[in-house]
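Going line by line, the protein sequences match chains V and F.
Residue 491 in our numbering is what sits at position 488 of the first sequence, and the numbering runs on without skipping anything.
Residue 389 in our numbering is what sits at position 386 of the second sequence, and the numbering runs on without skipping anything.
Mixed in with the good hints there might be a few duds.
Repeated chains share a single entry, so a pair holds when one copy, or any two copies, can fit it.
Derived BS3-like pairs (lysine-lysine); straight-line CA-CA distance at most 25 angstroms [stated by the list, open to error]:
1) Lys138 x Lys269
2) Lys243 x Lys167
3) Lys178 x Lys284
4) Lys269 x Lys126
What the hints contain is simulated information worked out from the structure, not anything from laboratory work.
Number of protein chains: 2
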Amino acid sequence: MHENNNLLNIRSLMHHYHLDAYIITMSDPHLSEYVAEHWKTIKWFCGFSGSTGNIVVTQNFAGLWTDSRYFVQAEDQLKGTGINLVKLKIAHTPEFIDWINEHVPAGSTIAFDGKVFPINLVKTMESKLLGKKMKLETNIDLIAKLWENRPSMPYSEIFVHELKFAGKTCEEKLKSLRARMKAQNMDYLIISGLDDIAWLYNIRGKDIPYVPLVICYSIISQNESMLFIDDNKVPDNIRKEIEIQGITINRYDEIFNYTNRIEAGKRVSIQFSKTNYTLYKAIPENCILTDNLNITTILKAIKNDVEIANIKETMVKDGLAMVKYLYWLYNAVGKERVTEISASKKLRTFRAEQESFFDESFAPISAYNAHSAMPHYCAAQETDTELKVPGIYLIDSGGQYFGGTTDITRTIPLGNPTERQKNDFTLALKGTINLANAVFPIGTKGFQLDILARKPLWDNGMNYGHGTGHGVGYFLNVHEGPQTIGTSASGDLNTMLLPGMLISDEPAFYRDGEYGFRTENLILVVEHKETEFGKFLKFETVTLCPIDLNLINKNLLDNDEVEWLNTYHTEVYNKLSSFLSKNEKQWLKENTRAI
Amino acid sequence: MHENNNLLNIRSLMHHYHLDAYIITMSDPHLSEYVAEHWKTIKWFCGFSGSTGNIVVTQNFAGLWTDSRYFVQAEDQLKGTGINLVKLKIAHTPEFIDWINEHVPAGSTIAFDGKVFPINLVKTMESKLLGKKMKLETNIDLIAKLWENRPSMPYSEIFVHELKFAGKTCEEKLKSLRARMKAQNMDYLIISGLDDIAWLYNIRGKDIPYVPLVICYSIISQNESMLFIDDNKVPDNIRKEIEIQGITINRYDEIFNYTNRIEAGKRVSIQFSKTNYTLYKAIPENCILTDNLNITTILKAIKNDVEIANIKETMVKDGLAMVKYLYWLYNAVGKERVTEISASKKLRTFRAEQESFFDESFAPISAYNAHSAMPHYCAAQETDTELKVPGIYLIDSGGQYFGGTTDITRTIPLGNPTERQKNDFTLALKGTINLANAVFPIGTKGFQLDILARKPLWDNGMNYGHGTGHGVGYFLNVHEGPQTIGTSASGDLNTMLLPGMLISDEPAFYRDGEYGFRTENLILVVEHKETEFGKFLKFETVTLCPIDLNLINKNLLDNDEVEWLNTYHTEVYNKLSSFLSKNEKQWLKENTRAI
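Isolated chain V (complex conformation) (with noise of 0.2 angstroms):
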């Protein structure tokens, strides 16, 4: 066991406090993506270090709920620590309500830390937890209690993302919030998404891995905006030029006390999926609550016309340091010891050589052979693999930039690919193709284009069990919604998509054991043309990065598919071949051939 004494400790804490069950989750008070070592909770208390799960203790039974990627890994890391693992049979669903349902003694006390619990994940436990008349603490943190040594709080000094970046100054941000929500008929919008925060106040931080962050709250009223932050994250010239914009700032556990200060009869909106428990019961019951999508979150999403050109000015950095990644990478295997863990490192030094570069934007995917048939992999040491000829390598990283965050997978052959890869990888890249080249009238949806990725798989008896296309933060989250391509329609997944949001397109087709192929590219949806029948958007490719061509089967294109791949890879060679040396230049003339 990872902490021996961690389960029987929060036991005899339960037992004094009289709770019959407790929750641990591995989220951060903004519900983040990428959470820092503060909250790593259920990496502390049982040692499973995956990316999502849910914990809960009884006096007879601990389970670490957790989703079919995590399987292995969760089954080894729990051993001896008393906690079982229980298999999710819907990834991303709270399946351990219905478990403490079932299991847990109607009338018993069910406690968690509301803090680090969405508002909707807490109404749905009411909800099914009602009819056994449970009783819910939201308020108990017994992890405080035990967590020696725990890492503190995340600290960074916040710094401005420059208006030649952000392309729009905070006040010009708070303008057209501020209109939306007068029509809208909202008093007060409370803001605890990071992103949303930063992207509005024109800042960046470093609290969060990959993601240039800082952890605070906001909220925003026709008169006031209140920025909830650690005092000594905020450099005194920065605090001035925040200041003066008629922003206040506050300490960040502050955001308590004022919301629960809001007057009766206000209109308060509140993202349920994206805002603590703690802080919605802060909310006086006499306010008008409406659970919507953060206006933020949506004018975040429509990247502005100075952005778009940083975008597109980014993506050609970012495609040199691809094109020189695959250069080396081309020659280096075989030649000298090149493993998962090293190409990757060799990736990100060529992404750092680059100019205005920040950080990677998450961990890549480095994956060889049977490792690229698993979307989710990441090489560590007891894992890491040399790549070999002949073989499969898939790489999926990203770079975050001032002037924007990037996303690309490329998959290369080592040495000759076989009659049966070239199919499958060409099945997968007519996906791709063909979203890219797609028309759609303006009010169309993520959803409806996605079978356009899926076609030429579906008829072949083929999927890919994930999504196709997530939308891309700018010098943010590298999975930034609300605009999203993939089978499901339900929630927010139920957004337009607007000109000027990017978005990945990233059809995909695993052989489980044996290999993967995933071509991801960047598109930015941008207009096309207006007609008696409504006005029409198309998708713009910004990614700039040859595809492989010998992984091609070319008698599985279509005229449409094969011009516009060509069109494509003479783009790539114009736009980047003059930053190239000679050798690299003749590497990519090669490589971006028309076929």
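We have chain V already, so just place chain F on it with the hints.
Chain F alone, transformed into the frame defined by chain V:
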């Protein structure tokens, strides 16, 4: 004004009862798509004969809310009535509630007859009008007091839908239903949809135009199965046949008392969008309600093997009627006077010649030139137009047969079509073919496939303003979900397509004021194949009738599309030709030739 004093009289009654606003709708208590004369309240009140609308009356204002299909007609029919046309911004939305919220003073009393309003609409009123402290009187039927010489409640004797057509006995259906109720932990299921009840008990009637239904309710529990129906609609022999299966027959209105006596704590399933509010209010408050898609609706949507075999036989019959009609039409136009109405009457006679024909399944859309550009056109004496060469003629019609319900659209060029007409027609036809050719994994929903039907149009900046496909009943409603194919994914539209579901495939293209094209076939969801990536489904086109080759520009079709068309036409010829006269057969041969 249609009935000169109706507005005066209702205002006087409103004054008498202290009602500030009164709402009139045009539904029956079962929220049927087609309603009997008894419930055509708005037509009686003001003369408006459209299929959708709501009226709000206050002492100062009276308005009819309806959608763009009816703007011209409503303007005309409302002349001199004192009732204003209010144009809906978005069709099928209760915008009248927002009007009340804005224009009726706070604290007013708003009244209507809850028996003809769905539960979810009243709940929307409650939540929207709550802020202004409006009082809702949901049980006030002023129409009953005012409507002299009102048509009586519809009366028809029920008849049994024989097992050779229904394929499953009522006992078998009740067994499946109760198993699902048990699994979902439901004690009572309240059904008010006439199609669901007709399906469950294998009974039919003639209470409603075009649909073989009878006015009734039903409640099911594990022990009881109650049918609430007007006594004298049930002939003695059928009564015995029903009662012998353990089903209790009660008076129609008794549903409210019975519902009111459901025991405390019982779990009651009731579909909010398909059940009237008065019935909902009859459920004791201490019951636990769930708003579910009726289980019967799902069970009914998946046609059984006997039904499927009958549907295929019925398609031969309907196809023969269509071919005989088209043969007649091609020969008659230009030689004798044929009008939109006379043509559709002729088609009815061809259908009526077929064995087991019962009625038409809806009022045919028989539309010439500009009329064919109106998706919901219905020829009336004032609009009836003679079919002349050259021109475009569209016929959308269907039949009710004991062995199935049909719905088919064909567009016919009278004389030689123009190149633009051929291009327009062919682009829409590509959609019909591409949808028919779809292959998709089990779990796929209709909104995921919609783009297959629209892509050829979208690629050319074109579109059509309605759904692509609706579910089709079996000797029941021609529009019968929950399955559907369209751009929207809300509510019931989020339904998986499952083997046995029947659905229409009707992409279209309209040029306002000129002509419209639509090719509609019914397609059946069937199994395709199972691979290591899951079970895949496809469609089987079951409608049998040639698609006009003179309207096709072959250059716009790809090889797969040409192959589909030729295979389809071969099948049409093979299945129909032996039942035709020599001349008809010759005509069919020519019109199903390979291209």
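Cross-check of the supplied hints:
1. Lys138 x Lys269: Cα proximity of Lys138 and Lys269: across copies only (23 angstroms, versus 29 angstroms in one copy).
2. Lys243 x Lys167: within (20 angstroms within a copy, 84 angstroms between copies)
3. Lys178 x Lys284: Close neither inside one copy (29 angstroms) nor across copies (46 angstroms); limit 25 angstroms.
4. Lys269 x Lys126: both (22 angstroms within a copy, 23 angstroms between copies)
Violated hint for the displayed structure: number 3, the only one.
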